[in-house]
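Protein chains in written order, with our numbering: chain A, 1 to 240; chain B, 241 to 298.
Fair warning: there could be bad hints in the mix.
To be verified - Derived SDA-like pairs (lysine to any residue); straight-line CA-CA distance at most 25 Å:
hint	chain 1	residue 1	chain 2	residue 2
1	A	Lys112	B	Leu267
2	A	Lys170	A	Met114
3	A	Lys112	A	Val38
4	A	Lys112	B	His286
5	A	Lys170	A	Leu202
6	A	Lys170	B	Leu243
7	A	Lys170	A	Gly116
8	A	Lys112	B	Met241
9	A	Lys112	B	Val261
10	A	Lys112	B	Arg278
11	A	Lys112	B	His247
12	A	Lys112	B	Tyr255
13	A	Lys112	B	Ala253
14	A	Lys112	B	Leu259
15	A	Lys112	B	Ser273
16	A	Lys112	B	Asp242
17	A	Lys112	B	Ala245
18	A	Lys170	A	Glu233
19	A	Lys112	A	Thr178
20	A	Lys112	A	Leu179
21	A	Lys112	B	Ala244
22	A	Lys112	A	Leu37
23	A	Lys170	A	Arg228
24	A	Lys112	B	Val266
25	A	Lys170	A	Trp121
26	A	Lys170	A	Val120
27	A	Lys112	B	Leu260
28	A	Lys112	B	Gln282
29	A	Lys112	A	Leu28
30	A	Lys112	B	Leu276
31	A	Lys112	B	Leu257
32	A	Lys112	A	Val213
For the record, the hints were derived by calculation from the structure and aren't laboratory data.
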Amino acid sequence: MQQFANPRRFLRLVDLVEPWAWAVTVILFAIGLYLSLVVAPQDYQQGETVRIMFVHVPAAWIALLAYLDMAIASAVAIIFRHPLADLAAKAAAPIGACFTFLALATGSLWGKPMWGTWWVWDARLTSMFVLFLLYLGYIAIWHAIDDPGRAARIAAIVALVGCINLPIIKFSVDWWNTLHQPASVLRIGGPTLHPAILTPLLVMGAAYLALFVTLHLTAIRAEIMARRLRQMELARADEV
Amino acid sequence: MDLAAPHLGFVFAAYGLSLLVLLGLVLWLRHRSRTLSRALQQLEAHGAPRRRAVAEAP
Numbered sequence: 001m002q003q004f005a006n007p008r009r010f011l012r013l014v015d016l017v018e019p020w021a022w023a024v025t026v027i028l029f030a031i032g033l034y035l036s037l038v039v040a041p042q043d044y045q046q047g048e049t050v051r052i053m054f055v056h057v058p059a060a061w062i063a064l065l066a067y068l069d070m071a072i073a074s075a076v077a078i079i080f081r082h083p084l085a086d087l088a089a090k091a092a093a094p095i096g097a098c099f100t101f102l103a104l105a106t107g108s109l110w111g112k113p114m115w116g117t118w119w120v121w122d123a124r125l126t127s128m129f130v131l132f133l134l135y136l137g138y139i140a141i142w143h144a145i146d147d148p149g150r151a152a153r154i155a156a157i158v159a160l161v162g163c164i165n166l167p168i169i170k171f172s173v174d175w176w177n178t179l180h181q182p183a184s185v186l187r188i189g190g191p192t193l194h195p196a197i198l199t200p201l202l203v204m205g206a207a208y209l210a211l212f213v214t215l216h217l218t219a220i221r222a223e224i225m226a227r228r229l230r231q232m233e234l235a236r237a238d239e240v
Numbered sequence: 241m242d243l244a245a246p247h248l249g250f251v252f253a254a255y256g257l258s259l260l261v262l263l264g265l266v267l268w269l270r271h272r273s274r275t276l277s278r279a280l281q282q283l284e285a286h287g288a289p290r291r292r293a294v295a296e297a298p
């Protein structure tokens, strides 16, 4: 792991891995969309609207995973001063924010025909909305503070404090009475879904995961280049 | 998929929005990478020194 602390070595690795990561992502999406839109049956109660689950649930999974990734990278940056960790955390934020927005928006599109409302302030929806605000806050800190070192430290602390929201999101449906249904895949005792629905969901989950990994690598590379560009511009300004 | 089923507009809206947001994210990241890479190449072509090199200079 430590050998990839060298940004040049990491960039070479990304150049090597990225085309394959894109290939895997496209293949998984092609299979996942075929299973979701063509093969998966209608639900006996929800009818065709059950298909929203195949884009809503993976988006929610990745929204949580991206935050966990951001928080772990922030912890590594604070504890070990790994030179890429703060950039990895920063790179994950806009991606995580997009997936969180998608989880909220597609959930709303699913809620209207099934619950009769676009939105309710129940524990699951509210805690997901808080996650979205945490992402926006984290991004705002990086934009608001000029000194990257100071911005990284403050953003890392915010990311770590915000971690408390992750178990709240996960267990909100168990701890409180919510309109949102309880967990049906990631639960003790195994999934409650029929394989005909579970398989497309897991393939779409894998596709979203592959997309997240690919985009995260691309974003980290961009952050490395942005940092190098800033250093070169500062050096040039010192010369003048 | 039953194209006569009720609420199908919500299904298409969910898939369309997902496609739009994810495609936008991909395009934004690729554009940012390309812009930064071009700016770096221009600076390197003009012989801009690295900050460390400046710091190490006597």
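field: Structure versus earlier hints - violations, ascending order
entry: 1, 4, 6, 10, 15, 18, 23, 24, 28, 29, 30 and 32
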